[in-house]
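Protein chains: 2
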Amino acid sequence: MKIQPKNKKQLLKAALGEIPCDLVITNVQLVNVITGEIYPADIFVYDGFIAHVEYQNVGSQLDTAREVVDGQGRYLIPGLIDAHEHIESSMMTPRNFAKGVIPHGTTTVVTDPHEIANVCGLEGVRYMHQAGDDLPMRQLIDIPSCVPAVPGLENAGAEFFAAEVEELSGLDRVIGLAEVMDFLAVIHGEDRMMSIIDVMDKKGLYLQGHAPYVSGRMLSAYLCGGPNTCHETRDRKEALEKLRSGMFVDARDSSITKNVQEVYEGVKGVRFFDHLCLCTDDREADDILHVGHMNDVVRSAIRCGMDPVTAIKSATLNTAREIHLENLGAIAPGYVADLLLVDDLTELKPSHVFFGGKLVARDGKLTVEIPHREYPLEKVNTMCVKELSREDFVIHAPVENGTVTVHVMEYPDLNLSSTLLTTAQLPVKNGEVCLEGEDLKFVAVVNRHKGHDTIGLGIVKGFGTTCGALASTVSHDSHNLTIVYDTPENALLAANALIRCGGGMSAVKDGSLLHVLELPLAGLISLKEAKDLAEDSQKMKEANRALGLTGMENPLLRIVTLALPVIPNIKMSDLGMVDVLKKEFIPMFAE
Amino acid sequence: MKIQPKNKKQLLKAALGEIPCDLVITNVQLVNVITGEIYPADIFVYDGFIAHVEYQNVGSQLDTAREVVDGQGRYLIPGLIDAHEHIESSMMTPRNFAKGVIPHGTTTVVTDPHEIANVCGLEGVRYMHQAGDDLPMRQLIDIPSCVPAVPGLENAGAEFFAAEVEELSGLDRVIGLAEVMDFLAVIHGEDRMMSIIDVMDKKGLYLQGHAPYVSGRMLSAYLCGGPNTCHETRDRKEALEKLRSGMFVDARDSSITKNVQEVYEGVKGVRFFDHLCLCTDDREADDILHVGHMNDVVRSAIRCGMDPVTAIKSATLNTAREIHLENLGAIAPGYVADLLLVDDLTELKPSHVFFGGKLVARDGKLTVEIPHREYPLEKVNTMCVKELSREDFVIHAPVENGTVTVHVMEYPDLNLSSTLLTTAQLPVKNGEVCLEGEDLKFVAVVNRHKGHDTIGLGIVKGFGTTCGALASTVSHDSHNLTIVYDTPENALLAANALIRCGGGMSAVKDGSLLHVLELPLAGLISLKEAKDLAEDSQKMKEANRALGLTGMENPLLRIVTLALPVIPNIKMSDLGMVDVLKKEFIPMFAE
Chain A
1 MKIQPKNKKQ LLKAALGEIP CDLVITNVQL VNVITGEIYP ADIFVYDGFI AHVEYQNVGS
61 QLDTAREVVD GQGRYLIPGL IDAHEHIESS MMTPRNFAKG VIPHGTTTVV TDPHEIANVC
121 GLEGVRYMHQ AGDDLPMRQL IDIPSCVPAV PGLENAGAEF FAAEVEELSG LDRVIGLAEV
181 MDFLAVIHGE DRMMSIIDVM DKKGLYLQGH APYVSGRMLS AYLCGGPNTC HETRDRKEAL
241 EKLRSGMFVD ARDSSITKNV QEVYEGVKGV RFFDHLCLCT DDREADDILH VGHMNDVVRS
301 AIRCGMDPVT AIKSATLNTA REIHLENLGA IAPGYVADLL LVDDLTELKP SHVFFGGKLV
361 ARDGKLTVEI PHREYPLEKV NTMCVKELSR EDFVIHAPVE NGTVTVHVME YPDLNLSSTL
421 LTTAQLPVKN GEVCLEGEDL KFVAVVNRHK GHDTIGLGIV KGFGTTCGAL ASTVSHDSHN
481 LTIVYDTPEN ALLAANALIR CGGGMSAVKD GSLLHVLELP LAGLISLKEA KDLAEDSQKM
541 KEANRALGLT GMENPLLRIV TLALPVIPNI KMSDLGMVDV LKKEFIPMFA E
Chain B
1 MKIQPKNKKQ LLKAALGEIP CDLVITNVQL VNVITGEIYP ADIFVYDGFI AHVEYQNVGS
61 QLDTAREVVD GQGRYLIPGL IDAHEHIESS MMTPRNFAKG VIPHGTTTVV TDPHEIANVC
121 GLEGVRYMHQ AGDDLPMRQL IDIPSCVPAV PGLENAGAEF FAAEVEELSG LDRVIGLAEV
181 MDFLAVIHGE DRMMSIIDVM DKKGLYLQGH APYVSGRMLS AYLCGGPNTC HETRDRKEAL
241 EKLRSGMFVD ARDSSITKNV QEVYEGVKGV RFFDHLCLCT DDREADDILH VGHMNDVVRS
301 AIRCGMDPVT AIKSATLNTA REIHLENLGA IAPGYVADLL LVDDLTELKP SHVFFGGKLV
361 ARDGKLTVEI PHREYPLEKV NTMCVKELSR EDFVIHAPVE NGTVTVHVME YPDLNLSSTL
421 LTTAQLPVKN GEVCLEGEDL KFVAVVNRHK GHDTIGLGIV KGFGTTCGAL ASTVSHDSHN
481 LTIVYDTPEN ALLAANALIR CGGGMSAVKD GSLLHVLELP LAGLISLKEA KDLAEDSQKM
541 KEANRALGLT GMENPLLRIV TLALPVIPNI KMSDLGMVDV LKKEFIPMFA E
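So the sequences go chain by chain: A and B.
Each residue of the first sequence is one higher than the one before, starting from 1 at the first, in UniProt numbering.
Each residue of the second sequence is one higher than the one before, starting from 1 at the first, in UniProt numbering.
Just chain A, with the same shape it has in the complex (with noise of 0.2 Å):
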């Protein structure tokens, strides 16, 4: 697929010099991701593409050009791409994600919407691609694949078939299939993700995977299914294996997981990185704004010991290849001119940021006006849930009085989404299962998606919460309200909050409502810009430390894949708790 320009002759009249460039970038050191090398050159650019690039910067007709930037020997590379993420994670809408993004060089993402089309369906995913129209960024979009994450498995807001997704791939940025996170369903060739594959393969556009810990004969069906793509390896052995196998490993440094190391372990012994990609995935605004957001996770693959040049290319030209555009992510002629100038290849902190052409940030800084639009979606409250009372949180057990052997959930690892099956031994007072110790915690996942009003009830070890109740309505994918809680009293108090405010993030201790993160839109998004919501957020990020989260870098984020039944072994869902590998529920109370 190629991005067109709009007048091809002039284009053309513009490479030969006949018609003045818009613009010419001289004295820069090119980093030409096509051929690995550096060196120094002038960049013609017109109407959004690079018209021409003259070598040696020296005998460049300069006066071809409306206006000359100077590079001052700075280094220019393409603009960078993320090859998968989730605006939603940035707790922003997509004009102000861009604003958070832009100065850091991302000039291209790669979007999922599916967090927004758990709860709002086919109206989600629009509002997002058009609030994404006329952005000084790319925000291209991938048709959500899983609605809901594991049909049958949990109740979400919408459920996509392949006429939903046929429907939506007629939209004008979407490029090709989101992350097909059921993995054991492409591997055992379930209909309807056939069906899904189907559409999408006729229509040439590719199949984004997710296919964490999936290796050997399984990966290879994976792969014999369709989705070649994947941002969820973990560990090196996988990662290894999976570049092997012929897989896009997108290398990711969200938040919350942090992937780029190990995954550069395992693979930094081979010769070819082409099918290496670097990608964000969920990124909230606060990370953004104080971190960075794709240069962050380039300069972590460099910090880890990979070559600048070849770590670029996997946030520039790889990925292009993996999203199958051909014109995006190297610096020649005919090829978009979204471009970085940058002082060093390390930091990668642009001094200048082109998208198409145009400046549109300089020092950290936008230069452009991104204007404010509203969209109809914004101002609809989402928490659809019926009256909650103490006994909703409440787990009854077979005896009055006594002990009970319940299932639990257990996170080995605080840094780690993954969990493990274990039971525990529980007292039950007047028939209520208790805590006891304060490594465990109760868990409900509320439904608040019109037409259902289930509650799945659980028990939760090594979450890291000490004390107090904790509730989110981001929660991966399905978005119920999740809480994880010490008393029903608690639970209540936090679910409330969050049920007046059209969702977010509420933290209680001992009856008092530490702060609410408000996130209106959808339960999932705030319409504040990246500062304001980054403030917000930081006050939420106390609160959960004041719970006892204290022991990861980021505890914003904890709870949101707590409920998301594609990572394996065990997660929570409104209809109780699921074995992922096996797609089964696992009963309250263990024999």
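None of these hints come from the bench; they were simulated from the model.
Incorrect hints may appear among the rest.
If several chains are the same, the list does not tell them apart, and a pair holds so long as it fits within one copy or across any two.
Said to hold, decoys possible - Within a straight-line C-alpha distance of at most 20 Å, the following computed EDC-like cross-link-like pairs (lysine to aspartate or glutamate) qualify:
{"hint": "1", "residue 1": "Lys202", "residue 2": "Glu166"}
{"hint": "2", "residue 1": "Lys9", "residue 2": "Asp191"}
{"hint": "3", "residue 1": "Lys202", "residue 2": "Glu164"}
{"hint": "4", "residue 1": "Lys6", "residue 2": "Asp198"}
{"hint": "5", "residue 1": "Lys379", "residue 2": "Glu432"}
{"hint": "6", "residue 1": "Lys2", "residue 2": "Asp172"}
{"hint": "7", "residue 1": "Lys237", "residue 2": "Glu410"}
{"hint": "8", "residue 1": "Lys539", "residue 2": "Asp510"}
{"hint": "9", "residue 1": "Lys6", "residue 2": "Glu190"}
{"hint": "10", "residue 1": "Lys9", "residue 2": "Glu190"}
{"hint": "11", "residue 1": "Lys6", "residue 2": "Asp191"}
{"hint": "12", "residue 1": "Lys237", "residue 2": "Glu37"}
{"hint": "13", "residue 1": "Lys9", "residue 2": "Asp201"}
{"hint": "14", "residue 1": "Lys583", "residue 2": "Glu54"}
{"hint": "15", "residue 1": "Lys358", "residue 2": "Asp453"}
{"hint": "16", "residue 1": "Lys6", "residue 2": "Asp201"}
Mind docking chain B on chain A? Use the hints.
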């Protein structure tokens, strides 16, 4: 674009080991062109696809396959892909061509049927497509873009506009637009060419280029115009510039033009070779039989100093990317099972050739039958030439006796097809221009297509023959009857020999016919198999040498680019002498 399995669900089961695979190739050193590694592995194949790769060749469940081939420690490499070629140049039918190249390990060719298209139009392309069906190799078709090569400068047997290209794009194995030779039409945005390119862009098919000696702003404009590959790169500076500019450089070793060494010398200093591919362009039967096909081109790259894995990647994965085929050119689950076993990575003589998982050649011999088929076009005599006389081959001077200054097409090098414009003073006797010296010859290009009876006459220098007449209906791309001769009498004899037999090549010396190589199908193709054709072709080469063509490796094809008005600077056509870059005719007599 992906090559799809017939039954994906069954392939998934085979990958999982739930049903037996068709084949397992054990005990091989897998050459992984994606990572650049070589390691021991077993490869499981089902229904033409790689279902699974087991590393370390230990513990593979060999009982899950119906057939086991012991690789005996040999290297397993992907089947070779020819990035650009014309089957017509082998002078064999698609089916006989397949018999010739498969034993050398060429499993896929990207073929441009523009020779036959120039003679027989749409019917010619349909014939090549149909005759390439059901073969144990993949003959992908690029649609001829320039029929005739340069409109207005010659008359061919057909004319293709956007409508013809659109019609042909519906054929099954069409993958792109073939070499866009009329590079000036691209660079200057001529309507006809833009509309042809537009048809292909809309279908997402790739655009094969052709840009000899094009550099600087002209090259930039060509790339902005769309085509982004080139197999016409002859010198090292040109090779580096093209690679840096994002072009796929298809380094060519044809039967006449060997560019691989120069291209490699140009680019050997870069770090990434992703955009370097290899091709044969034009290889005739004798050459294919006794020297090789793509394996010979890869071998040549390795002899120049290219690392073998990179060279193999250039003839497999890189090419698959160039032509937008996602699951071809590597050995990984989900990829097409085109595989070669080779004893060593420098000679590349395959002991086993697997096409779609089926053994199709063993130790240089086909192991499958390619049934003979006949097609109506094979019976048609395409020579439409009026009755010729001596007079048709005489250049008449404006004076009765004395001297005239004529324009001359001069070949500066016996091994290059490019030419220069010079002049010569020649004697005139009885109103007829006469030759002086062995180095000058007459040239006639006699239109042989229905509706035209034009004959272009001129003088050539440095062609290489010292006496006699050499005639050919293989004469790119219009394939008009082209004759280089000393006397009108010899020319007439050589021409008539070809008109009688439906076309081919002939040599006449001192009034006697030395040999006729008959090519009755479109005047381009023999109906003989490689072995018989090679013998015939050897006799023709002897005849060529008898006319003085001794200074080159392969004299057979010296004449075939004499009338190709896209190779700078001067060429002949049936309309006269052509200035290629100016797209103008040059008058016979100089001022």
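Quick rundown of the hints versus the structure:
Taking identical chains as interchangeable, the C-alpha atoms of lysine 202 and glutamate 166 lie at most 20 Å apart whether they share a chain (10 Å) or sit on different chains (19 Å). Proximity of lysine 9 to aspartate 191 under the C-alpha cut-off of 20 Å is restricted to the inter-copy arrangement: shortest distance 9 Å between copies versus 47 Å within a copy. Taking the shortest Cα distances, lysine 202 and glutamate 164 sit within 20 Å of each other inside one copy (15 Å), while across copies they are farther apart (24 Å). With identical chains, the CA atoms of lysine 6 and aspartate 198 are at most 20 Å apart between copies only, with a shortest distance of 13 Å across copies and 32 Å within one.
When the C-alpha separation of lysine 379 and glutamate 432 is checked against a cutoff of 20 Å, the pair qualifies neither within a copy, at 40 Å, nor between copies, at 92 Å. Proximity of lysine 2 to aspartate 172 under the C-alpha cut-off of 20 Å is restricted to the intra-copy arrangement: shortest distance 13 Å within a copy versus 22 Å between copies. For the homomeric pair lysine 237 and glutamate 410, neither the shortest alpha-carbon distance inside one copy (24 Å) nor that between copies (62 Å) is at most 20 Å. Proximity of lysine 539 to aspartate 510 under the C-alpha cut-off of 20 Å is restricted to the intra-copy arrangement: shortest distance 18 Å within a copy versus 101 Å between copies.
Taking identical chains as interchangeable, the C-alpha atoms of lysine 6 and glutamate 190 lie at most 20 Å apart only when they sit on different chains, with a minimum of 17 Å there against 42 Å within one chain. Taking the closest pair of Cα atoms, lysine 9 and glutamate 190 come within 20 Å of each other only across two copies (9 Å); inside a single copy the shortest separation is 48 Å, beyond that limit. In this assembly of identical chains, the alpha carbons of lysine 6 and aspartate 191 lie at most 20 Å apart only when taken from different copies (16 Å versus 41 Å within one copy). For a Cα distance limit of 20 Å, the shortest separation of lysine 237 from glutamate 37 across copies, 15 Å, qualifies, whereas the shortest one inside one copy, 30 Å, does not.
For a Cα distance limit of 20 Å, the shortest separation of lysine 9 from aspartate 201 across copies, 15 Å, qualifies, whereas the shortest one inside one copy, 32 Å, does not. Neither within a single protomer nor between protomers do lysine 583 and glutamate 54 lie at most 20 Å apart by alpha-carbon distance, with minima of 58 Å and 27 Å respectively. Taking the shortest Cα distances, lysine 358 and aspartate 453 never come within 20 Å of each other, neither inside one copy (50 Å) nor across copies (56 Å). In this assembly of identical chains, lysine 6 and aspartate 201 lie within 20 Å of each other by CA distance solely across copies; the values are 14 Å between and 28 Å within a copy.
In terms of the numbered hints stated before, the structure departs from hints 5, 7, 14 and 15, listed from lowest to highest.
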